[in-house]
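Undergrad: Please build the complete structure, drawing on both the sequences and the hints.
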Amino acid sequence: MKITNTLNEENEKNETNSNALKCRRMNCIINSLEMMSVL
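In terms of the numbering used here, the sequence shown opens at residue 14 and continues consecutively.
To be clear, the hints were calculated from the coordinates, so they are not data collected in a lab.
Some hints could be false.
What the hints assert, rightly or not - If you anchor each label on the Cβ, the simulated ranges turn out as follows:
#, residue 1, residue 2, range
1, Glu23, Met48, 36 to 46 Å
2, Thr19, Ser50, 27 to 37 Å
3, Thr19, Met39, 27 to 37 Å
4, Met49, Thr17, 32 to 42 Å
5, Thr17, Ser50, 29 to 39 Å
6, Leu20, Met49, 37 to 47 Å
7, Ser50, Glu22, 41 to 51 Å
8, Asn21, Ile42, 39 to 49 Å
9, Glu47, Glu25, 25 to 35 Å
Being a predicted model, the structure only gives us computed values, none of them experimental.
Heads up, the beta-carbon is just placed ideally off N, CA and C, and yes, glycines get one too.
TA: Next comes the structure, spelled out in structure tokens:
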């Protein structure tokens, strides 16, 4: 039980980290588009 719990916790951490990275990437793209006056 302990092993599966820690694995699940690690998976959750990895998922939230990748989501945060995706958000940051999207923000960077949006910012550069705004800089070029596309939006």
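Undergrad: Each of the hints needs a verdict: does it hold here or not?
TA: Consistency of the hints with the structure:
no.	hint	result
1	Glu23 to Met48: 36 to 46 Å	37 Å, holds
2	Thr19 to Ser50: 27 to 37 Å	49 Å, violated
3	Thr19 to Met39: 27 to 37 Å	31 Å, holds
4	Met49 to Thr17: 32 to 42 Å	48 Å, violated
5	Thr17 to Ser50: 29 to 39 Å	51 Å, violated
6	Leu20 to Met49: 37 to 47 Å	44 Å, holds
7	Ser50 to Glu22: 41 to 51 Å	44 Å, holds
8	Asn21 to Ile42: 39 to 49 Å	32 Å, violated
9	Glu47 to Glu25: 25 to 35 Å	33 Å, holds
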